[in-house]
Amino acid sequence: MVSFFRLILVFLVIGCSNTVFGQSESEMVLVNGGDFIPLYGTDSATVVVRDFKMDIYPVTNSDYLAFVKKYPKWRKSKIIRLFSDESYLGRWEDDLTLGADFLPNSPVTSVSWFAAKAYCECQGKRLPTVDEWEFAAMADENIPDARILKGYNQKILTWYEAPRTFKNTIGSTFKNYWGIHDLHGLVWEWTLDFNSVLISGESRKDVDKDSNLFCGSAAVGASDLMNYAAFMRYAFRGSIKANYTGRNLGFRCVKDVEDFH
Amino acid sequence: MKTLIKILVIAFVLSSCKNDKKANIASDNSLEEVVSNEIPELSIYNLPSTWTTQDNRDIELKSLQGDILVMVMIYTTCKAACPRLVSDMRNIEAQIPKKNKEKVKLILVSIDPETDTPTRLKTFAKENNMESEQWLFLRGSIEMTREFAAVLAVNYKKISPMDFSHSNIISVFDTNGVMAHQQEGLGVDNKETVKTILELAEKSNN
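From first to last, the protein sequence lines are chains R and Y.
Numbers 401 to 661, taken from our numbering, label the letters of the first sequence in order.
Numbers 2 to 207, taken from our numbering, label the letters of the second sequence in order.
Read the hints as simulated data drawn from the structure, not as lab findings.
Predicted model, so just to flag it, every value in this text is computed and none were measured.
Hints may be right or wrong, so weigh each one.
What the hints assert, rightly or not - Partial list, computed: chain Y residues near chain R (C-beta under 8 Å):
(1) 47
(2) 91
(3) 94
(4) 150
(5) 157
(6) 163
(7) 166
(8) 168
Unchecked claim - Examples of chain R residues lying across from chain Y (beta carbon under 10 Å, computed):
(9) 479
(10) 482
(11) 514
(12) 578
(13) 592
(14) 596
(15) 597
Beta carbons are placed, not taken as given, at the ideal position from N, Cα and C, and that holds for glycine.
The shape of chain R in the complex, shown without the other chains (with noise of 0.2 Å):
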C-alpha cells in the first residue's frame, strides 16, 4: 500500500514546478457536490460528486503560451508524437508565436490531453472527470440543474451548429450558476477520463457485450434520451483518442477542495 502511494506522489511530481502561469484560485469557483444522473451513468444510476473548484474560463491562448515558455518539452517543434499528433498547436506560427489571426484571450485549442493534463498538473491542479464537467455544465444562469429546460437543451444544440465559436473569446458566453462560463458555446473540453466512454460500439468491435453498458444503457444508462446534447459530447468523447487535437477542442482545469488552504 505503501508503494502505491509512493506512485501517486512520483506520479503528480512529474517535470512540473510552481507557476506563473494559469488561473490563479481566485479566478477558480466551488461547484457544490451531490448527485445526480448523468448520462451514461453506473449500474446504479446515480452518480455522487464531491466539491470541487472549477476554473472560470477555459485555458486561453495566452495561458497556454506562458506553460509552453516554462516548459519546452510541450512546445509545438519538441512535443513526442507519443503525446500528440501533428496539428497539435497546429496554427501556431512557430513555437512561441500565436496563429496571426489569433486572439490572445481566445481559448487554446488543437492540444492533446496529453498536453492539458500536464498543463492542468504544471499548476497543481487536473482537468475535470466526465462526471464533474457533467455536473458543472448542466446549469443554466440560474439553477444548478437546467436540463429539464427545454430552451436549455435547444440553446446547447444551437451552439453545436454554429460555426468556429472557438475564435470567440473567453467569457462571452453565459455565465452559469457556479459562476463558471462557456462550458457551452465556445469549446469542447478535454475530461480527464474521457476514454472511459464506451459507447462506440458498432465502430469498434471491442466493447464488452456481456456487460451491459451499451445495450443496457438504452435502459438504465441514458436516463435522459431528451438530452440529445449530451449524447453529442458523450460520442464525441468516445470517438477521440488523447494524442487527438481539433481546432474546437480546448480545456480548462479543476481542484479538489481540500487541496485549498
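Chain R is already provided as a structure; the job is to place chain Y on it using the hints.
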C-alpha cells in the same frame, strides 16, 4: 439536426482513419529504429511510470526495453470478457516457438488497481497457469492506469463496485516500446498478432 448527425459521422470516420494511419506509422518507425538506443517518439517508454508486479516488485516500464511486449488490460474480478481475453493471450503464447519465447513478455495490466493487489494478481496468475517468467502482471495508480489506457486506446469505465466495462484490445510493442500491432475483439483470429510477434523476434536476432 442533419448537420449534427453529419458531424458525428465524420468524427467517427475521422477517428477510425486516424487510428489506421497511426498503426502504419508506428510499424514503419519500428523498422528503422530497432537498432538505435534512443527511445523513439512513439515509444511507451516515454511514459515515466513505475508499476508493481505480481511479485510485489516495483519496476520502471523502461526496464522492459529490449523485450517484445504483448499487452492487455484486464481486472481479476471480471467474469465476462476477461477469461476470454486471458485465453486469447494464452493462445498467442502457445504459438510462439520455444527459441523465441524468452524475447517476449506477455503483460496483463490491471484496470482496477484498488482491488487488484499484488497478492491478488499472483493468485490470478496461479489460477490461470501464467506463472512462467514470461507472464507479467502490472498494477499502477489510478491516474497512471488511465494514462496508460489512453496510450493503448483502451477505454474503460467502472460500472459497479466490482465490475468494469472495457475495450478488448491486445497490443504488441517492439523492442523499443513502439506499438506494432493491435488486435481488437474477443476470440478473434490472432494470425496477424502472432505474425507480428514472430517478425519482431526475427528482427531482434539480426
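Evaluation of the provided hints:
Taken as an interface hint, residue 47/Y checks out: its beta carbon lies about 5 Å from the nearest beta carbon of chain R, inside 8 Å. Nearest Cβ of chain R to the Cβ of residue 91/Y: about 19 Å, over the 8 Å cut. The hint is violated. Evaluation of the residue 94/Y hint against chain R yields a violated restraint, the C-beta minimum of about 21 Å exceeding 8 Å. A cut of 8 Å between beta carbons decides the hint on residue 150/Y: the least distance to chain R is about 6 Å, and the hint holds.
With a cut of 8 Å, the hint placing residue 157/Y at the interface with chain R holds, because the nearest CB-to-CB distance is about 6 Å. Taken as an interface hint, residue 163/Y does not check out: its beta carbon lies about 10 Å from the nearest beta carbon of chain R, beyond 8 Å. Below 8 Å, beta-carbon pairs count as interface contacts, and residue 166/Y has one with chain R at about 4 Å; its hint therefore holds. With a least beta-carbon distance of about 4 Å to chain R, the hint placing residue 168/Y at the interface is held under the 8 Å criterion.
Hint on residue 479/R holds. Least Cβ distance to chain Y is approximately 9 Å, under the 10 Å limit. Interface hint status for residue 482/R: upheld, as the beta-carbon distance to the closest one in chain Y is roughly 5 Å, under 10 Å. Interface hint at residue 514/R: satisfied, since its Cβ lies 8 Å from the closest Cβ of chain Y, which is below the 10 Å cut-off. Evaluation of the residue 578/R hint against chain Y yields a violated restraint, the C-beta minimum of about 25 Å exceeding 10 Å.
Restraint check, residue 592/R versus chain Y: the minimum CB separation of about 7 Å is within 10 Å; hint holds. A least Cβ separation of about 4 Å between residue 596/R and chain Y falls short of the 10 Å threshold, and the interface hint therefore holds. Hint status for residue 597/R relative to chain Y: holds, with the closest Cβ pair at about 6 Å, below 10 Å.
Checked against the numbered hints above, the structure breaks hints 2, 3, 6 and 12 and satisfies the rest.
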